[in-house]
Structure formats: structure tokens, C-alpha cells
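Chemist: Residues per chain are reported as follows:
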Amino acid sequence: AQSVTQLGSHVSVSEGALVLLRCNYSSSVPPYLFWYVQYPNQGLQLLLKYTSAATLVKGINGFEAEFKKSETSFHLTKPSAHMSDAAEYFCAVSVTTGGFKTIFGAGTRLFVKA
Amino acid sequence: NAGVTQTPKFRILKIGQSMTLQCAQDMNHNYMYWYRQDPGMGLKLIYYSVGAGITDKGEVPNGYNVSRSTTEDFPLRLELAAPSQTSVYFCASSYQGRDEQYFGPGTRLTVT
Chain H
1 AQSVTQLGSH VSVSEGALVL LRCNYSSSVP PYLFWYVQYP NQGLQLLLKY
51 TSAATLVKGI NGFEAEFKKS ETSFHLTKPS AHMSDAAEYF CAVSVTTGGF
101 KTIFGAGTRL FVKA
Chain D
1001 NAGVTQTPKF RILKIGQSMT LQCAQDMNHN YMYWYRQDPG MGLKLIYYSV
1051 GAGITDKGEV PNGYNVSRST TEDFPLRLEL AAPSQTSVYF CASSYQGRDE
1101 QYFGPGTRLT VT
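Going down the list, the protein sequences come from chains H and D.
Taking the working numbering as reference, the numbering of the first sequence is continuous, increasing by one, and the terminal residue is 114.
Taking the working numbering as reference, the numbering of the second sequence is continuous, increasing by one, and the terminal residue is 1112.
So here's chain D without its partners, still in its complex pose (with noise of 0.2 Å):
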């Protein structure tokens, strides 16, 4: 049982490139987040999902896109890629929206 797994660990991007941060889970749960974690600001929601098929925007959404064609998958994409979207992302997922969450180990992304 891996939990939640995301990949790559590291990545640097030039502006302007793209990426897919991947996220995956083994615990059939249906809730799946992303956020991002900046220096003394806490979490911010990206993008949850609360099942296959089904995403809604969070708080922090714009530059960002994602999908759930799978219960297990959920990949974040990032296009064109700025500096203001160097942080710290974590995937989560939760057997329901109220549950407790489960993280992932992050990746660290630099946009230089």
C-alpha cells in the first residue's frame, strides 16, 4: 500500500514551458486535492476532484488545469509557465470530503 504518490520529486522549468505533475493513490478514495505551499502562507487549494470525472476549481486555479479519468489518477498541468508558480505542490486524497487527508511527499517546482 504506497498511499499517495506524486512525480517528479524536483523539476525546473523555463518560463513559458509546460508540465504534468502526476498524482496517484492506491486507497480507492474519492476526494483527490492539489495545492500549493508557499513559505509561511499555509496550503492553497488548486483543484479538487470528489470522483472520477468530476473536478471544481479552488482557490488559487488560474495557470493551472487538471482531470480525473480514473479514481486512482490526478494529474495537474501547468502551461506556460510563470515564476509566480514556483512552489511547492502537494497532492491529497480523502475517503470523503470531510475525512482526513492523506499527502502526498510534494514536488518541488522552480520557474526561473
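One chain only, chain H, in its complex shape (with noise of 0.2 Å):
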């Protein structure tokens, strides 16, 4: 069965700092996966997508991750927090098995301090 872990449900760090944002998979067969980000009373908005192709993703807004098979991981990175970037994060896998499923994560919020 698929499913999709994001550790931490809160993250915090201070503006300048790296942010690191987690996710892991299940999945059967070869996944898609995506981040998305949502900011307050807003809808879900696509940051980046692996669709097995290159195995590190660039997205917008300086964002990146990394697909890492043998971790079955999929984490989120930023070198450098802006304010701007706090919002809830959430990590979704796409896959088909006789239909298609895609699986969101219970999402990890993001707080940047100044």
C-alpha cells in the first residue's frame, strides 16, 4: 500500500537558516511525488514535482528536493528561510495500480523566526 510521513508536524527556524522538511514514501511501484505549499486561508499550490526524471528537483521560490530510492525519502531544502516562507508544507505521492491514487501528507508547518 502507498503512503506518505511527514516528520514534524512543526518546524521552526530563524530567518537565514537552512530549512529541512521531511518526507518519506511507500510506494509499490515508481511514485510521483510532490510538494505543495499553503499559505493562510489559501489553497494548496504546487512547489515542485519528481516525476522520475532528474532526482533533484528545483521549485519555486529557491525550494529543492531531493528523491533518494534506497531512503525512500523525498525531503525539502532551502538554504536560506525568508519570513515569507512560513506556511504549511505538504509532501504527496502519485502513483497508479489499476487507478490513480495520490496520497497527501498530514503537512508540517513552517515558522521562521526573525
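Calculated directly from the structure, the hints in this document are not laboratory data.
None of the values given here were measured: they were computed from a predicted structure.
A few of these clues could be false.
[As the list claims (entries may be wrong)] Keeping only pairs whose Cα atoms sit at most 30 Å apart, straight-line, the calculated DSS-like set for lysine-lysine is:
{"id": "1", "chain 1": "D", "residue 1": "K1044", "chain 2": "D", "residue 2": "K1014"}
{"id": "2", "chain 1": "D", "residue 1": "K1009", "chain 2": "H", "residue 2": "K68"}
{"id": "3", "chain 1": "D", "residue 1": "K1009", "chain 2": "D", "residue 2": "K1044"}
{"id": "4", "chain 1": "H", "residue 1": "K101", "chain 2": "H", "residue 2": "K113"}
{"id": "5", "chain 1": "H", "residue 1": "K49", "chain 2": "D", "residue 2": "K1057"}
{"id": "6", "chain 1": "D", "residue 1": "K1009", "chain 2": "H", "residue 2": "K101"}
{"id": "7", "chain 1": "D", "residue 1": "K1057", "chain 2": "D", "residue 2": "K1009"}
{"id": "8", "chain 1": "H", "residue 1": "K101", "chain 2": "H", "residue 2": "K58"}
{"id": "9", "chain 1": "D", "residue 1": "K1044", "chain 2": "H", "residue 2": "K58"}
{"id": "10", "chain 1": "H", "residue 1": "K101", "chain 2": "H", "residue 2": "K69"}
{"id": "11", "chain 1": "H", "residue 1": "K49", "chain 2": "D", "residue 2": "K1014"}
{"id": "12", "chain 1": "H", "residue 1": "K68", "chain 2": "H", "residue 2": "K49"}
{"id": "13", "chain 1": "H", "residue 1": "K69", "chain 2": "D", "residue 2": "K1044"}
{"id": "14", "chain 1": "H", "residue 1": "K69", "chain 2": "H", "residue 2": "K49"}
{"id": "15", "chain 1": "H", "residue 1": "K113", "chain 2": "H", "residue 2": "K58"}
{"id": "16", "chain 1": "D", "residue 1": "K1057", "chain 2": "D", "residue 2": "K1044"}
{"id": "17", "chain 1": "H", "residue 1": "K68", "chain 2": "H", "residue 2": "K101"}
{"id": "18", "chain 1": "D", "residue 1": "K1057", "chain 2": "D", "residue 2": "K1014"}
{"id": "19", "chain 1": "H", "residue 1": "K58", "chain 2": "H", "residue 2": "K68"}
{"id": "20", "chain 1": "D", "residue 1": "K1044", "chain 2": "H", "residue 2": "K49"}
{"id": "21", "chain 1": "H", "residue 1": "K101", "chain 2": "H", "residue 2": "K49"}
{"id": "22", "chain 1": "D", "residue 1": "K1057", "chain 2": "H", "residue 2": "K101"}
{"id": "23", "chain 1": "H", "residue 1": "K49", "chain 2": "H", "residue 2": "K113"}
{"id": "24", "chain 1": "H", "residue 1": "K101", "chain 2": "D", "residue 2": "K1014"}
[Claimed, not checked] Facing chain H, a subset of chain D residues (Cβ under 8 Å, in silico):
{"id": "25", "residue": "P1039"}
{"id": "26", "residue": "A1052"}
{"id": "27", "residue": "Q1101"}
[Said to hold, decoys possible] Footprint (simulated), chain H over chain D, 3 or more residues, beta carbon under 8 Å:
{"id": "28", "stretch": "1089-1099"}
{"id": "29", "stretch": "1103-1112"}
Cβ coordinates follow ideal geometry from the N, Cα and C atoms, glycine included.
Starting from two chains that each stand alone, build the complex the way the hints lay out.
Modeler: Quick look at the structure:
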């Protein structure tokens, strides 16, 4: 069965510090993987996606994620946090096994301290 | 190109009332979805559709109904509203099932 786990419901970093949000997945077939961001009172928007091409994926706003098959991970990073990065982040896995399925993680809220 | 639009933005219902949440997309996407989001619980899939005339249940379909008569529209019907349906509802669409999803701005529903 497919699943996705985000480690840490809340992460707090200082402005300028490294952002690391963790995502592990399980899938019996090669997955598509996504990171979405949700700002307060808005819908989710795509940050980046992995679709079996390059394992290091660059997204919007300076974020990137690396697909590591051996670790079944797809962690999201940004070298230097900005105040505007404060939001909730969702990892998602999408597979097609007899029909599509996209599963979202529970989300990680990122706080950025001045 | 408006993307995914949802109406209304906010609604307060009394227990037992009914309402329809509207969702439309102008991207000619085949797939459309309805999710509910409760605090700290992520997204739960209510219903989805793979094309006009075809709908299927997600994880939490009880108390809801949907229809898909056109590619563009995917309304969600709540019959006999209950306090447990207090939530934020998001509509989304994608071209194919594995593709990234585009989300609407959400409808915040309170049932009292």
C-alpha cells in the first residue's frame, strides 16, 4: 500500500537558516512525488514535483528536493529561510496501480523567526 | 484563465440544512476532486471524478454527493448538514490522475 509520512508537524527556523522538511513514502511502484505549499486562508499550490527524471528537483521560491530511492525519501530544502516562507507544506505521492491514487501527508507547519 | 474557482468562500449552516458547494475549472482537466481539511489532519478525499459523467468515492464520502455533467463543473452537495461537516473544503483538478493538482481557494463551512 502507498503512504506518505511527514516527520514533524511543526518546524521552526530562524530567518537565514537552512530549511529542511522531511518526507518519506512507501510505494510498490515508481512514484510521482510532490511538495505543495499552503499559505494562510489559501488553497494548496505546487512547489515542485518528481516524475522519474532528475533526482534533484528545483522548485519555486528557491526550494528543492532530492528523490532518494534507497531511503524512500523526498525531503524539501531551502538554503536560507525568509519570513515569507512561513506556511504549511504538504508532501504527496501519486501512483497508478489499477487506477490513480494521490495521497497527501499530514503537513508540516513552518515557522520563521526574525 | 481563472484556474479553479469555488463559491461561496464562507457559509454558516444550521443542522439539517442542505447546500451545494460550487467548483469550476477552465483548464480542460479530466480529473476533479473534493477534499476537506480539518486542523492538523491534512487533506481527506471526499469524491473524485475522472471525466464528465464518472464519479467515485474517496476516503470520507458519507453525507456528501457529487455530479459531473460537464468537464468544467463539479459541485458537491451536502444533505442534512451535521456539525461534523464543519471544515474547509477544497476543490482541485488535474489533467491526468498522476499529475499535479490545481486547487481552488476553498470554502469555509460552519454547521451549528
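Chemist: Are the hints correct? Go through all of them and say.
Modeler: Structure-based check of each hint:
1. D:K1044 <-> D:K1014: holds, 23 Å
2. D:K1009 <-> H:K68: Given that 30 Å is the threshold and the Cα spacing comes to 40 Å, the pair is violated.
3. D:K1009 <-> D:K1044: Holds: K1009 of chain D and K1044 of chain D sit about 19 Å apart, inside 30 Å.
4. H:K101 <-> H:K113: violated, 36 Å
5. H:K49 <-> D:K1057: holds, 26 Å
6. D:K1009 <-> H:K101: holds, 28 Å
7. D:K1057 <-> D:K1009: holds, 24 Å
8. H:K101 <-> H:K58: With Cα atoms ~24 Å apart, K101 of chain H and K58 of chain H stay inside 30 Å; holds.
9. D:K1044 <-> H:K58: Answer holds: K1044 of chain D to K58 of chain H is near 27 Å, not above 30 Å.
10. H:K101 <-> H:K69: Judged against 30 Å, a Cα distance of about 20 Å means the pair holds.
11. H:K49 <-> D:K1014: This hinted pair is violated, its Cα atoms lying about 41 Å apart.
12. H:K68 <-> H:K49: holds, 14 Å
13. H:K69 <-> D:K1044: Distance of about 26 Å is within 30 Å: holds.
14. H:K69 <-> H:K49: holds, 15 Å
15. H:K113 <-> H:K58: Since the Cα atoms of K113 of chain H and K58 of chain H sit roughly 24 Å apart, the hinted pair holds (cutoff 30 Å).
16. D:K1057 <-> D:K1044: It holds: about 11 Å lies between the C-alpha atoms, which stays within 30 Å.
17. H:K68 <-> H:K101: Within the cut-off at roughly 21 Å; holds.
18. D:K1057 <-> D:K1014: Holds: K1057 of chain D and K1014 of chain D sit about 25 Å apart, inside 30 Å.
19. H:K58 <-> H:K68: Holds, because 15 Å separates the two Cα atoms, which is no more than 30 Å.
20. D:K1044 <-> H:K49: holds, 21 Å
21. H:K101 <-> H:K49: holds, 16 Å
22. D:K1057 <-> H:K101: Roughly 12 Å separates the two Cα atoms, so the pair holds.
23. H:K49 <-> H:K113: holds, 27 Å
24. H:K101 <-> D:K1014: violated, 34 Å
25. P1039: This hint is violated: P1039 of chain D lies away from chain H, its Cβ roughly 10 Å from the closest one there, beyond 8 Å.
26. A1052: Not OK, violated: A1052 of chain D not within 8 Å of chain H, min 17 Å.
27. Q1101: holds, 7 Å
28. 1089-1099: Check passed, 6 qualifying residues.
29. 1103-1112: Our answer is that it holds, as 4 residues pass the Cβ test (under 8 Å) against chain H, meeting three.
Of the numbered hints stated above, those contradicted by the structure are hints 2, 4, 11, 24, 25, 26, listed in ascending order.
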